[in-house]
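Participant: Add chain B to chain A, keeping to what the hints say.
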Amino acid sequence: MDINFTRDFLALLARFLSGASVRWIDSQPDTCQRVYFANHTSHLDAIVLWSALPQRVRTLTRPVGAKDYWTAGRVRRYMADRLFNALLIDRTEIKVHRSPVDLMIRAIGDRYSLIVFPEGSRSGGQEIGEFKSGLYYLCKRRPDLEMIPVHIDNMNRILPRGEVLPVPLLTCISFGPPIWLEAGEPKIHFLERARQAVRRLKEI
Amino acid sequence: MLDPRTLGLVGGVLLLLGAATIVVHVLRSRSDSGLDTAIIETFRLRVHAWWMLFSVLAAAFMIGQTATVVLFGLISFWALREFITLTPTRPGDHRALFWVFFLFTPLQFVLVGMQMYGLYSIVIPVYGFLFVSARIAMAGDYKRFLERTAKIQAGLLICVYCLSHAPALLTLDLPVDGWGPKARLLFFFVLIVQLSDALQYAWAQIPSKHVIIPAISPTRTWEGLLGGTASVTLIGAVLWWATPFQGSHWWMAAVMSLVIALMGFAGGITLSAIKRDRGVKDYGTLVEGHGGVLDRIDSICFAAPVFFHFTRFWLLW
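Line by line, the protein sequences give chains A and B.
Counting with this note's numbering, you get residues 59 to 262 for the letters of the first sequence.
Counting with this note's numbering, you get residues 10 to 326 for the letters of the second sequence.
Same shape as in the complex, but just chain A (with noise of 0.2 Å):
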C-alpha cells in the first residue's frame, strides 16, 4: 500500500477517533522550519498533534519521540520508522557529541519541522510540568526555528497514565504565535516563558 495514502489514512482516523478541534490562535499553519512544543500527558499526544497539522506540514514534521516506547512491538516501530518518520531518543544512553540536541539539528536540516514535548514525560495532573534545557539548546543552537506553542487539551482524560483503554472524549488543539530565544534571554527564563505560552492557550 502507497506509504502516503496510509499516513493520510491514519491522520484521517486519529482526527475522527479523537474529535479534535484544531485552533490557530494568531497563528498559521507554514511549511517553513518549526518547533511545536506540547503539554504532554498521553501517549496518543504525539499523534494527535501530528495528526491536526494541514497534510503538506504533517509530512514535513517528525516527531520526537522515547526509543524505549516507540521501538517497543513490531506496531509501534512501523508506526515510528515509516508513518511518523519519528526522531527516537534513547533516554538510557547520552553520549557527548551525541546528546539529544545535536540529533534533532542533524535529524531537521534545513528542510523538517519538530514536535517535542519539553516535559520530558506524561505529566500525570491539571498542570503543566517544569520544561527539560533541551528545548533551550536547540533555540540557541538554531535561532531561525519558530518556535510554536501547543497546547493539547483533555488527552489526559482519553487515555491517562497508567490506562489502556481509551474513553472517546473530545479533544481540542491549540496552536498559538511563535515565540524566539530573545538576545541574552537566560535559560530558566526562556523555558517559564514557553511553558506560560502552552499555558495561555488553555484558558482562550
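There may be inaccurate statements among the hints.
Claimed, not checked - Cβ-Cβ distance ranges computed for the label pairs, FRET-style:
no., chain 1, residue 1, chain 2, residue 2, range
1, B, Lys218, A, Pro218, 44 to 52 Å
2, A, Phe74, B, Glu50, 23 to 31 Å
3, A, Ile163, B, Gly27, 55 to 63 Å
4, A, Val222, B, Gly288, 30 to 38 Å
5, A, Glu250, B, Ala58, 40 to 48 Å
6, B, Trp60, A, Arg114, 29 to 37 Å
7, A, Lys125, B, Trp60, 48 to 56 Å
8, A, Leu141, B, Met71, 32 to 40 Å
9, A, Asp66, B, Thr75, 29 to 37 Å
10, A, His247, B, Ala148, 35 to 43 Å
11, B, Leu139, A, Leu223, 17 to 25 Å
Since the hints were derived computationally from the structure, they do not count as laboratory data.
The C-beta atom is built at its ideal place from N, Cα and C for all residues, glycine as well.
Facilitator: For chain B alone, kept in the frame of chain A given last:
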C-alpha cells in the same frame, strides 16, 4: 422501497428545505432587506443542520430499519462524547466511562434493533446505574461520589436512553403493515420536534417582556412557547395523513404534536440549565467546526420517550 405517501412526506420536507436555502441565499445577498444579520445567520446555520439531519435520515430510510437504528446509535455516541467532555470527571471514573461508551451505548441500540422492549427499557436506568456506581466505588476514589455517578448516569439517560426511543418507534406494531408507515412515524416525530423548535424561536421574536425563565434562557418567552406550540399542533393535525393515527383519529396527531412541542421545550431548558452551570453557551463552542450535536437534539431526546409511550399506549388501547 418507500411508498408514495412516505416519499411525499420526505420529498415535501426536502423541497421546503430547498426553498429555505434559496430564501437564505437571497436574504444574504441583499443587504437592504432590513433584517438583523444575526438572525439570518442563525437561520442559515439551522437550515444547514436540517439538510444534514433530514438527508441522512432519508438515506437511512432507503436502506432500512437496521441502518436507521445504527444512525441513531452513532448520534447518541457523539452526543454522549459532548456531554461527558463538558462534565468534569475524575481519573477514578475512567474505567466506568469506558464501559458506558463501549458497552452500554451500543447495547442499548442492539436491544432496540432486536425489539426487546422489556430489556431496553430497563438496562440503562437499572443495570447501567448499578454498574456505574459499583465500578466507580471499585476504583477507590470516593470524593464527590454521588455527584459523579449522577453526572454519568444523567449523560447516559439523556443522550442514550431517551434518544434510543426515537428509533424504537420503528419497532412498534402498527395497524398497517410495511416499512413505509414505520419510517413515516419516525419522520413525522423528528419533523414536528424540529418545527416546534423553529416556530418557538420565530414566535419569540415578537418583542415581549414575558420571559419564562430569565436565569436560564433569556430568549424563551411565553409568546414563543404558546405561539410555537399552537402552530405546531395545527401543522401536526394537517399532517395526520402521514401518521398511523389515521381514520377518525386526526385529533390524535394534533395531541401528539402538542405533547412533542411541550417536551421539546422541556429538553431545551434542561440542557440550557446544564450549559449555564458549566459556563458555556453551547456544546458547539468547545467542539468548534463540529457544531454541537447535543444542541440540535436536546428536544428530540426529551420528546422521544414520551412520544414513544403515548403511541404505544394508543396502539394497545
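Participant: Could you work out which of the previously given hints the structure breaks and list their numbers from low to high?
Facilitator: Hints that this structure does not satisfy do not exist here, as all of them hold.
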